[in-house]
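Peer 1: Listed in order, the protein sequences are those of chains A and B. Counting from 95, one number per residue, gives the positions in the first sequence under my numbering. Counting from 95, one number per residue, gives the positions in the second sequence under my numbering.
In case anyone wonders, no lab produced these hints; they're calculated from the structure. None of the values given here were measured: they were computed from a predicted structure. Wrong hints could be hidden among the right ones.
Claimed, not checked - Listed below are the simulated PhoX-like cross-link pairs for lysine-lysine, each with C-alpha atoms no more than 25 Å apart in a straight line:
hint, chain 1, residue 1, chain 2, residue 2
1, A, 157, B, 112
2, A, 181, B, 154
3, A, 147, B, 181
4, B, 223, A, 181
5, A, 157, B, 154
6, B, 147, A, 223
7, B, 147, A, 147
8, B, 235, A, 223
9, B, 154, A, 112
10, B, 112, A, 147
Stated by the list, open to error - Chain A residues, not near chain B, derived (Cβ > 10 Å throughout):
hint, residue
11, 150
12, 155
13, 156
14, 178
15, 180
16, 256
17, 277
18, 312
19, 370
20, 464
All C-beta atoms, glycine included, are put in the ideal place defined by N, C-alpha and C.
Number of protein chains: 2
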Amino acid sequence: MALIVQKFGGSSVADAEKIRRVAGIIADTYCEGHDVVVVLSAQGDTTDELIEKAREINPKPSKRELDMLLSTGEQISISLCAMALEKLGLPVISLTGWQVGIKTNSNYGNARIKSVGTERLRMELDQRKIVIVAGFQGTNKFDDITTLGRGGSDTTAVALAAALHADLCQIYTDVEGVYTADPRIIPSAIKLDEITFDEMLELASLGAQVLHNRSVEMAKRYGVNLEVLSSYVRKPGTKVKEVTNMEDTKISGVAKDSDIARIALIGLKDEPGTAFKIFRVLAKSNINVDIILQSVGGDDTKEISFTVAKADMDAAVQALNENKAVLGFKDIDVSDKFCKISIVGAGMIKSPGIAARMFEALYEANVNIHMISTSEIKISVLIDVEHAEMAMQSIHKKFFGV
Amino acid sequence: MALIVQKFGGSSVADAEKIRRVAGIIADTYCEGHDVVVVLSAQGDTTDELIEKAREINPKPSKRELDMLLSTGEQISISLCAMALEKLGLPVISLTGWQVGIKTNSNYGNARIKSVGTERLRMELDQRKIVIVAGFQGTNKFDDITTLGRGGSDTTAVALAAALHADLCQIYTDVEGVYTADPRIIPSAIKLDEITFDEMLELASLGAQVLHNRSVEMAKRYGVNLEVLSSYVRKPGTKVKEVTNMEDTKISGVAKDSDIARIALIGLKDEPGTAFKIFRVLAKSNINVDIILQSVGGDDTKEISFTVAKADMDAAVQALNENKAVLGFKDIDVSDKFCKISIVGAGMIKSPGIAARMFEALYEANVNIHMISTSEIKISVLIDVEHAEMAMQSIHKKFFGV
Numbered sequence: 095m096a097l098i099v100q101k102f103g104g105s106s107v108a109d110a111e112k113i114r115r116v117a118g119i120i121a122d123t124y125c126e127g128h129d130v131v132v133v134l135s136a137q138g139d140t141t142d143e144l145i146e147k148a149r150e151i152n153p154k155p156s157k158r159e160l161d162m163l164l165s166t167g168e169q170i171s172i173s174l175c176a177m178a179l180e181k182l183g184l185p186v187i188s189l190t191g192w193q194v195g196i197k198t199n200s201n202y203g204n205a206r207i208k209s210v211g212t213e214r215l216r217m218e219l220d221q222r223k224i225v226i227v228a229g230f231q232g233t234n235k236f237d238d239i240t241t242l243g244r245g246g247s248d249t250t251a252v253a254l255a256a257a258l259h260a261d262l263c264q265i266y267t268d269v270e271g272v273y274t275a276d277p278r279i280i281p282s283a284i285k286l287d288e289i290t291f292d293e294m295l296e297l298a299s300l301g302a303q304v305l306h307n308r309s310v311e312m313a314k315r316y317g318v319n320l321e322v323l324s325s326y327v328r329k330p331g332t333k334v335k336e337v338t339n340m341e342d343t344k345i346s347g348v349a350k351d352s353d354i355a356r357i358a359l360i361g362l363k364d365e366p367g368t369a370f371k372i373f374r375v376l377a378k379s380n381i382n383v384d385i386i387l388q389s390v391g392g393d394d395t396k397e398i399s400f401t402v403a404k405a406d407m408d409a410a411v412q413a414l415n416e417n418k419a420v421l422g423f424k425d426i427d428v429s430d431k432f433c434k435i436s437i438v439g440a441g442m443i444k445s446p447g448i449a450a451r452m453f454e455a456l457y458e459a460n461v462n463i464h465m466i467s468t469s470e471i472k473i474s475v476l477i478d479v480e481h482a483e484m485a486m487q488s489i490h491k492k493f494f495g496v
Numbered sequence: 095m096a097l098i099v100q101k102f103g104g105s106s107v108a109d110a111e112k113i114r115r116v117a118g119i120i121a122d123t124y125c126e127g128h129d130v131v132v133v134l135s136a137q138g139d140t141t142d143e144l145i146e147k148a149r150e151i152n153p154k155p156s157k158r159e160l161d162m163l164l165s166t167g168e169q170i171s172i173s174l175c176a177m178a179l180e181k182l183g184l185p186v187i188s189l190t191g192w193q194v195g196i197k198t199n200s201n202y203g204n205a206r207i208k209s210v211g212t213e214r215l216r217m218e219l220d221q222r223k224i225v226i227v228a229g230f231q232g233t234n235k236f237d238d239i240t241t242l243g244r245g246g247s248d249t250t251a252v253a254l255a256a257a258l259h260a261d262l263c264q265i266y267t268d269v270e271g272v273y274t275a276d277p278r279i280i281p282s283a284i285k286l287d288e289i290t291f292d293e294m295l296e297l298a299s300l301g302a303q304v305l306h307n308r309s310v311e312m313a314k315r316y317g318v319n320l321e322v323l324s325s326y327v328r329k330p331g332t333k334v335k336e337v338t339n340m341e342d343t344k345i346s347g348v349a350k351d352s353d354i355a356r357i358a359l360i361g362l363k364d365e366p367g368t369a370f371k372i373f374r375v376l377a378k379s380n381i382n383v384d385i386i387l388q389s390v391g392g393d394d395t396k397e398i399s400f401t402v403a404k405a406d407m408d409a410a411v412q413a414l415n416e417n418k419a420v421l422g423f424k425d426i427d428v429s430d431k432f433c434k435i436s437i438v439g440a441g442m443i444k445s446p447g448i449a450a451r452m453f454e455a456l457y458e459a460n461v462n463i464h465m466i467s468t469s470e471i472k473i474s475v476l477i478d479v480e481h482a483e484m485a486m487q488s489i490h491k492k493f494f495g496v
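Take the sequences, apply the hints, and build the full model.
Peer 2: See the structure below:
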């Protein structure tokens, strides 16, 4: 008998029929003799509908009141799911974030979990109840409701699994697991049986939107065994662990990230401190920079290019222009017509030649590379967005044969 | 400067425009220098929609989970209303039942308030914030969410007013106050400036659905000054107090109650203990009996008739039939074609002849009386339902001249 945390996202509980399906999965797990803690998101479009209700009244509501509003979404999901399990004759109880004792900081809208109470959970589990917990929410030191921001319910699930020392944390999604590439782009993509935390982190940050980075980071830190699997197809998914058995696998996936804008500062003075000044300006505006490229121009000038998330593009340009005199660039060039293609693999470190094979695949597909970035387990290239699919197919074929 | 509790019902906050109107009333009160605590119900049909969602999944959900579900309705209202006040630039905070510390017993779906915390409320009021509280909800000793049942938000408002020793508790509705009769039946009905708690209690229990009895009873017990007024028309409503100045007013209103079923037990043995046995059976089934009439039949038998709420009719008949042998009646006659017309007035005690005038009015309208019941401040008659309007008009004209 194990203790299993199961998380279901908003699309998995979107309507009565889907809630019944989810209840079936939970019931099966429980009836196999396991203790089950379930974490749910708000139903389907509930969160968007609530945000729309708020905007009608106040386009800029305080984040505190927005969290008060949005947290009702998960509360509706958990009570409905509990009712579905009651219908199956199983002992069940739903608990909100504050009832569990999920304590966060006061960063409304994007709060961090500080601690998780286990007393109430243990008490209910000891009575062999299925416990359904509202994801995405907690309370701060004032007892005010906070929400955890993007990927919040995954984070709740991992935090509960860590606090309860659960044997497994299952993240149910609408895909069957983690693939070597997005199956919508590469239909021949292969489902992975296992993947390491680090690989998963790189894939998540590269746009493979299966798991949010925060939850993977937390799982890695607390050694929580994750499994990503489908709420529609009953078969094993992808296990995310510290170390996998797949020693011989060089790379575990190809990922695409189109949420990229490239900014180039042209005509910078070629003197020490230029880069430092630029990236300090951006850091002060809370803008994350990804790939950076520096090249020499004519007339003792140089050019610095870098990529940011599309959402940060305008803010970045504004911050740079406001500091134009200090930074001393002549021109600024902005484009969001690029995308980033990456290969990820923990086995990469021990295998020379991986980068060469990737570039070979791109050459064969006649794709021009604008920027390159590498880490221990990742190689990324910036290419024109219209070449994205061709590039991914060629790389996937090169490494996986299909 | 006073401390005022204002309660707005579901129809007053049904959409964005109505919430803005409510926010305007609150803002005006606050800007006059008062401290304001607001209690809100769920928006319009939200509660019904949530119940429908539940029924789709489980026609008989546990009351505990139903309360978990329904309590989200008020949470949505309070956050939206707080946002509307933020838009007006006013300091405001919304609080759920558990955040305020509204403690109830564990009777899910119809819980009773046991205590109200004032610490958080005082803290926010001390900072000159408008405090918006979710009505209808509290938590029990397990920290589980409970709801207060019918009239729950009125009860929350009065409980907060009592706990905070508020100067006034205003109940905003879609009518301008308490009338001498239902204006939909008697268009010439007169709005009362004042009314006593006892009169209000009789009127509420007689079907004048302005205030729920629970809240009036609580207001009477804790000496909370109530005012019933309109959320659409800005003018004084009706004050509900312990003693009013209207010494000369004999009666304060005429009320109709159509939620009546009459049950007659025919051919009972005319011996001691018959009535006791009958009403013990009903009490055991938790059925409230209103008017009781006993008459002598032929052959040493008697007949006992009484009225119950329509919802209890089938249960009453079933309970009586199950005990037919013990009770020893020959026949049972049931009808819901009656209604109860009552006149209410604290001045009645000191004024003989009130009953005679009421019966005279009914005689003039050619209305037959089936049963009569009187209390210190009330006279009720049971008549055929199709005579209801005629009877009310005649009585209203007799006492109020219009």
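Peer 1: Taking the hints in turn, state whether each one holds.
Peer 2: We went through each hint and held it up to the structure:
Proximity of residue 157 of chain A to residue 112 of chain B is assessed by CA-CA distance (about 23 Å); at most 25 Å being required, the pair is judged to hold. For the proposed pair residue 181 of chain A and residue 154 of chain B, the alpha carbon gap of about 8 Å is at most 25 Å, so the pair holds. Note on residue 147 of chain A and residue 181 of chain B: the hinted pairing holds, with a Cα-Cα distance of about 14 Å set against a maximum of 25 Å. Pair hint residue 223 of chain B plus residue 181 of chain A does not hold up; C-alpha atoms about 44 Å apart against a cutoff of 25 Å.
Note on residue 157 of chain A and residue 154 of chain B: the hinted pairing is violated, with a Cα-Cα distance of about 37 Å set against a maximum of 25 Å. The suggested pairing of residue 147 of chain B with residue 223 of chain A holds, with an alpha-carbon distance near 23 Å, which does not exceed 25 Å. The hinted pair formed by residue 147 of chain B and residue 147 of chain A meets the criterion: a straight-line CA distance of about 20 Å does not exceed 25 Å. Using a Cα cut-off of 25 Å, the hinted pair residue 235 of chain B and residue 223 of chain A holds, with the two alpha carbons roughly 19 Å apart.
Taking the CA atoms of residue 154 of chain B and residue 112 of chain A, the gap is about 19 Å. The hint holds against a cut of 25 Å. With a C-alpha separation of about 13 Å, the suggested pair residue 112 of chain B and residue 147 of chain A falls inside the 25 Å cut-off, and the hint holds. At the 10 Å boundary, the C-beta of residue 150 of chain A falls inside the reach of chain B, the nearest C-beta of that chain being 4 Å off. The beta carbon of residue 155 of chain A is not kept farther than 10 Å from every beta carbon of chain B, the shortest such distance being approximately 4 Å.
At the 10 Å boundary, the C-beta of residue 156 of chain A falls inside the reach of chain B, the nearest C-beta of that chain being 6 Å off. With a closest Cβ-Cβ approach of about 5 Å to chain B, residue 178 of chain A is found to fall inside the 10 Å limit, against its non-interface label. For residue 180 of chain A, the condition that its CB be more than 10 Å from all CB atoms of chain B is violated, with the nearest at approximately 6 Å. Every Cβ of chain B is farther than 10 Å from the Cβ of residue 256 of chain A; the closest lies at roughly 23 Å, confirming the non-interface assignment.
The Cβ of residue 277 of chain A sits about 32 Å from the closest Cβ of chain B, beyond the 10 Å cut-off, so the non-interface label holds. The non-interface label for residue 312 of chain A is consistent with chain B: the shortest C-beta to C-beta separation is roughly 26 Å, beyond 10 Å. Distance check for residue 370 of chain A against chain B: the nearest CB is about 41 Å away, which clears 10 Å, and the non-interface claim stands. Every Cβ of chain B is farther than 10 Å from the Cβ of residue 464 of chain A; the closest lies at roughly 45 Å, confirming the non-interface assignment.
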